[in-house]
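A.B. asks: Sequence:
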Amino acid sequence: MKVVVLTGAGISAESGVPTFRDADGLWEGHRVEDVATPEGFHADPELVHQFYDERRAAVAEVEPNPAHVALAELEQLLGDDLTLVTQNIDDLHERAGSKRVVHMHGELLSALCARCGRRIPWEGPMVGAPPCGSCGKGDLRPDVVWFGEIPYHMDAIIDALVECELFVSIGTSGAVYPAAGFVQQARAFGARTLELNLVPSEGSRFFHEARHGRAGDLVPAWVAALCHP
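Count along the sequence shown starting at 1, add 259, and that's the number in the numbering used here.
Hints listed in this document are in silico derivations from the structure and should not be mistaken for laboratory results. All C-beta atoms, glycine included, are put in the ideal place defined by N, C-alpha and C. Just so you know, not all the hints are guaranteed correct.
Said to hold, decoys possible - Simulated restraints on C-beta separations:
no., residue 1, residue 2, range
1, G376, G475, 36 to 42 Å
2, P297, G395, 19 to 25 Å
3, E313, R446, 19 to 25 Å
4, Q443, E298, 27 to 33 Å
5, R354, R464, 20 to 26 Å
6, A319, P390, 22 to 28 Å
7, K396, A483, 51 to 57 Å
8, R377, Q443, 34 to 40 Å
9, G472, R451, 27 to 33 Å
10, G392, G472, 42 to 48 Å
Could you build all of it, start to finish, from the sequences and the hints given here?
C.D. replies: Okay, structure coming up:
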């Protein structure tokens, strides 16, 4: 059975990773336009680097939770028949054991040259980083998809949605597109759809089935039932 799983901020929140957006719409006290757009980076690259340096350091202090671990176990069972797409930029899926994670919004542990587009692994602070080692001219920026930019790997994701028999959304708000539309796309091509979320998402009505509660409880139970029907 071909399965597509989409994960969002809710699965990482249970590990202690705060969601970027606060209740007042700010991102950790900053306007979204200042820290999550190309224009914000051009206006104040040091502020943007500091913001993501803090996020990178915070993620290093937390651990994967049972939901991450269960999805890694599901990958061991399904292999290439599982497509794990995440909106998260942390590495918790990989640290739990998942090998083939599709990061549609980029990764904290990667740097991107703003000029030539080269990507390089990156773990430490990016403030004060040297110019790109490839072109020698471009400034490095977080390899994160900002507002106004196109998410990564969209062709591969759409292909997987077309072919999948089961689409599962975990820990997502259903408010951010294009990911919020994946359930409708998968369903249009005949897939069964399941939501596992703390509360009903904005797109909960589009799923054939919805289960609500902590991802750390729901995901292991779902994977166990799928593996041992």
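A.B. asks: Determine for every hint whether it applies to the structure shown.
C.D. replies: Here is what the structure says about each hint:
One distance hint, 36 to 42 Å for the beta-carbon pair G376 and G475, holds here, with the actual separation near 37 Å. Our hint of 19 to 25 Å for P297 and G395 holds, since their Cβ atoms are close to 21 Å apart. A hinted range of 19 to 25 Å for the beta carbons of E313 and R446 is inconsistent with their spacing of about 39 Å. A hinted range of 27 to 33 Å holds for the C-beta pair Q443 and E298, which are about 31 Å apart.
A beta carbon spacing of about 34 Å between R354 and R464 contradicts the range 20 to 26 Å that was offered as a hint. Take A319 and P390: their Cβ atoms lie about 25 Å apart, and the range 22 to 28 Å holds. Separated by about 52 Å at the C-beta atoms, K396 and A483 satisfy the suggested range of 51 to 57 Å. For R377 and Q443, the Cβ-Cβ distance of about 35 Å falls inside the hinted range of 34 to 40 Å, so the restraint holds.
Restraint check, G472 to R451: a C-beta distance of roughly 20 Å breaks the suggested window 27 to 33 Å. Separation of G392 from G472 is about 46 Å and conforms to the stated range, judged on CB atoms against 42 to 48 Å.
Going through the hint list in order, the structure does not satisfy hints 3, 5 and 9.
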